[in-house]
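Asks: So the chains spell out like this:
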Amino acid sequence: MANDAEIRLRDRLSKLSGLDLLRGARLSGELERLKRQLDRIEADPTDEEIWSKVELARHEERPYTLDYVERLFEDWFELHGDRGRGDDAALVAGIGKLEGRTVALVGHQKGRDIKERSNRNFGMAYPEGYRKAMRVMEIAERHGFPLATLVDTPGAYPGVAAEQHGQGGAIARSQAVMARLKVPTVACIIGEGGSGGAVAIALADTVLMQENAIYSVISPEGCAAILWRDAGERQKAAAAFKPDAAHCLELGVIDGIVPEPVGGAHESHDEAARLLGAALADAFDELENVPQAELRARRRQKFRAMGVLA
Amino acid sequence: MVEASRIDVSIEHKHAPEPPPKKHPNTCPTCGSHFRDDELDAALRVCTHCGHHFPVKARKRIEQLADRGSFVEEAADLRSADPLDFFDLRAYKERLAEAEIATGLGDAMVIGSATIEEQPCELAVMDFSFMGGSMGSVTGEKFARACESAAAAGMPLVTISASGGARMQEGILALMQLPKTVCAVEELHESGCALLSVMAHPTTGGLLASFASLGDVLLAEPGALMSFAGPRVVAQTTREKLPDDFGLAESNLRFGHVDAIVRRPELRPTLARLLRLFGES
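Sequence order for the protein chains is A and B. Using the working numbering, the first residue of the first sequence is number 1, and each one after it goes up by one. Using the working numbering, the first residue of the second sequence is number 1, and each one after it goes up by one.
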C-alpha cells in the first residue's frame, strides 16, 4: 500500500510540475508560492484538509462570477433571458473584452446578502438558466468569440417547476452545445462544482480549477445521507470522494490549477481576479495555436478518454 | 441486491423510522397481484391485472426486443476499477463483486448488435439490479463503444435506460461520464446515425442529464420516474407539495419532454417501425 501511495504521489508531482499553466511566464512571479503549494500537495491531503477546501469553496466572502467580471472584463454587456420562458439570475451570461479580445462568458452567480441570495437562488439554476447559457454559446459560435465559463453552483435547482421545465434535458443539451462549438472554450471551477448543474457548462477545451474549489458528483451532505444514511457524516463522505483540485488533476478531470491568494480567494478579490485573469488568458493563448478544425475533435477525445477501467 | 419499485433517493437519518418491509419482487406494488416467475415473464413482466410495468433485467430485455439469436454482445469483459479506494459503510470493490455475483453482469450496461424485426441496430441496455443501474466509468465506456459500433456499421443505436444516475463510489469520474456520453452521442449523430432512447423506470439524475435525453426520439415506459432530482430530494429541499404524478413519464409527456409513452408489448414493434423510418437515411 505504501508503495502504491508513493507512486501516486510522484505521478501527481510530475504532472503538476510539468503543467504549462503553472510554469507560464505570466505566473512566474508566483513561483515561490507555487513551490510551497507543491510541497503541500506532496503530502496527500488529509481528510481535514479536504474538508477545509469544501469550507473555503463555500466561503461567504469568496468572489463570485460578477466579482471577476467587474475586475477582468472591459465593456461588459450582460445578456438576459432564454427567449422562451424567463431570465434566471442564478446563471449570468454576457460578452466583454478580456485582455483586448471579445469573449463570451457564462457563469453561475450566488448572492451576497439574504435578498440577493434568494434572488439568485443560491446559484442553483433552473432550465431557463441553461437555455440562456446555450443561447450565448451560440452567439459565441456565430461570431467566433472564445467562450469562458465560470462554475460555482451547489447543483442545478431540485424543484417541481424546474423538473416540469425540463432540468435534465436542459443540462444534457447544454453539454451537447459545448461539444459542438468550434470556438475555443475554457471553463474554470471557481467555488462549488456541484454535479450535473456544474458540468452543464464545463465541457470545455481547457478545464481549470481554483486551488480551493471543489468539483464533485454529489454534495458531501447528499453522499453522506445516501451512503452513510446520515447527513452528519459529510466530512467522511468528502474524504471518500475527494472533490479537491489536486485529486481532480490527478484523475485527469481538469487540466490545471489556478492559484489563489494566501488563505483563499476571499482574502483579496483583486489578487484572486488577477490570478484567474492570467490563467484564462494563458489558456486562450494556448488554444489559439490549435488549428480550428482540430479543436473540437481534441475536446471530444479528451472527454472520451475519461474514466478508469480495471 | 437492489430491487426497488421506486428509486430510493431519500435523505435519511440514523433515527428515521424503519421503511415498511419490502414486498416480494413478483408482487404488484399497484394492485397486489402475485405472479410466478414464468407467468410474469410470459407477460413481458407487465401485471396482467392493472398494467403495472415490473423492472426488466438487461438480458431479459434483450430477449424481449431482439430477434431470437441475433444479439452479439460486445465489451462484456470490461470491469470497473476503484480509483478512489472508495469506502463508505463497505468497500466499493466488495459492492462490485457482490453485484456481479447477484446479476451475472460485469456492470450496469450490456451492449451489442442485434436485429429487431430484421432491422439491424446496436443495443445498449441498462440493468437497475446492478448497483441501481448507476453510471460509472465502465457504463460510460460501454455506451461510447456502442455509439462507435453503431456509427461504424451505419445503424441506429437503441438505448434502454434504467438508472438512478451517476455512481457516487467513482466520485468525479462518474460525473465525467456525462460529458463523455454526450460527446459520444454528438459523434454518432455526425456520422448520420439515429439514437432512439427508451426510458424505463427509473431514469433519473445523471442519465436524464446526459445521453438519455439526447435521443432523436425519446420513448418512455408507463409510470417510469424520469426526473433530474428525485421526489424526496425535491420535497425536502423545497418543502413544496409534489404533484401526484411528479416526474413520471405521463407528466413528462404533458410537459413536452418525451415523444411517446409506449406500453411494453408495443415496444418491439414501435422500435422496429422507427428503425425502418430512420434506416432509410
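For the record, the hints were derived by calculation from the structure and aren't laboratory data. Heads up, some of the hints might be wrong.
What follows is a set of in silico ranges between Cβ atoms, one per label pair, in the way DEER data are often shown [unchecked claim]:
{"id": "1", "chain 1": "A", "residue 1": "His-143", "chain 2": "B", "residue 2": "Gly-256", "range": "49 to 57 Å"}
{"id": "2", "chain 1": "A", "residue 1": "Glu-60", "chain 2": "B", "residue 2": "Asp-77", "range": "32 to 40 Å"}
{"id": "3", "chain 1": "A", "residue 1": "Glu-55", "chain 2": "B", "residue 2": "Ala-97", "range": "53 to 61 Å"}
{"id": "4", "chain 1": "B", "residue 1": "Leu-253", "chain 2": "A", "residue 2": "Glu-288", "range": "28 to 36 Å"}
{"id": "5", "chain 1": "A", "residue 1": "Val-290", "chain 2": "B", "residue 2": "Thr-238", "range": "42 to 50 Å"}
{"id": "6", "chain 1": "A", "residue 1": "His-59", "chain 2": "B", "residue 2": "Glu-266", "range": "48 to 56 Å"}
{"id": "7", "chain 1": "A", "residue 1": "Gly-232", "chain 2": "B", "residue 2": "Ile-101", "range": "43 to 51 Å"}
{"id": "8", "chain 1": "A", "residue 1": "His-59", "chain 2": "B", "residue 2": "Leu-253", "range": "25 to 33 Å"}
{"id": "9", "chain 1": "B", "residue 1": "Lys-241", "chain 2": "A", "residue 2": "Gly-232", "range": "26 to 34 Å"}
{"id": "10", "chain 1": "B", "residue 1": "Asp-77", "chain 2": "A", "residue 2": "Glu-61", "range": "48 to 56 Å"}
{"id": "11", "chain 1": "B", "residue 1": "Thr-27", "chain 2": "A", "residue 2": "Ala-161", "range": "43 to 51 Å"}
The C-beta atom is built at its ideal place from N, Cα and C for all residues, glycine as well.
Asks: Each hint should be assessed against the structure and marked as holding or not.
Replies: Taking the hints in turn, this is what the structure says about them:
For His-143/A paired with Gly-256/B, a C-beta distance near 31 Å fails the hint of 49 to 57 Å. For Glu-60/A and Asp-77/B, the hinted distance range of 32 to 40 Å is not satisfied, since their beta carbons lie about 50 Å from each other. In this structure the supplied range 53 to 61 Å is violated for Glu-55/A paired with Ala-97/B, their Cβ-Cβ distance being about 36 Å. In this structure, Leu-253/B and Glu-288/A break the distance hint of 28 to 36 Å, their C-beta atoms being roughly 46 Å apart.
For the hinted restraint 42 to 50 Å between Val-290/A and Thr-238/B, the CB-CB distance of approximately 44 Å keeps it satisfied. Range check, His-59/A to Glu-266/B: about 54 Å between beta-carbon atoms, so the 48 to 56 Å window is met. Checked against the hint of 43 to 51 Å, the pair Gly-232/A and Ile-101/B fails, with Cβ atoms roughly 32 Å apart. A C-beta distance of roughly 43 Å is found between His-59/A and Leu-253/B, which places it outside the suggested range of 25 to 33 Å.
For Lys-241/B and Gly-232/A, the Cβ-Cβ distance of about 27 Å falls inside the hinted range of 26 to 34 Å, so the restraint holds. In this structure, Asp-77/B and Glu-61/A meet the distance hint of 48 to 56 Å, their C-beta atoms being roughly 51 Å apart. Separated by about 35 Å at the C-beta atoms, Thr-27/B and Ala-161/A break the suggested range of 43 to 51 Å.
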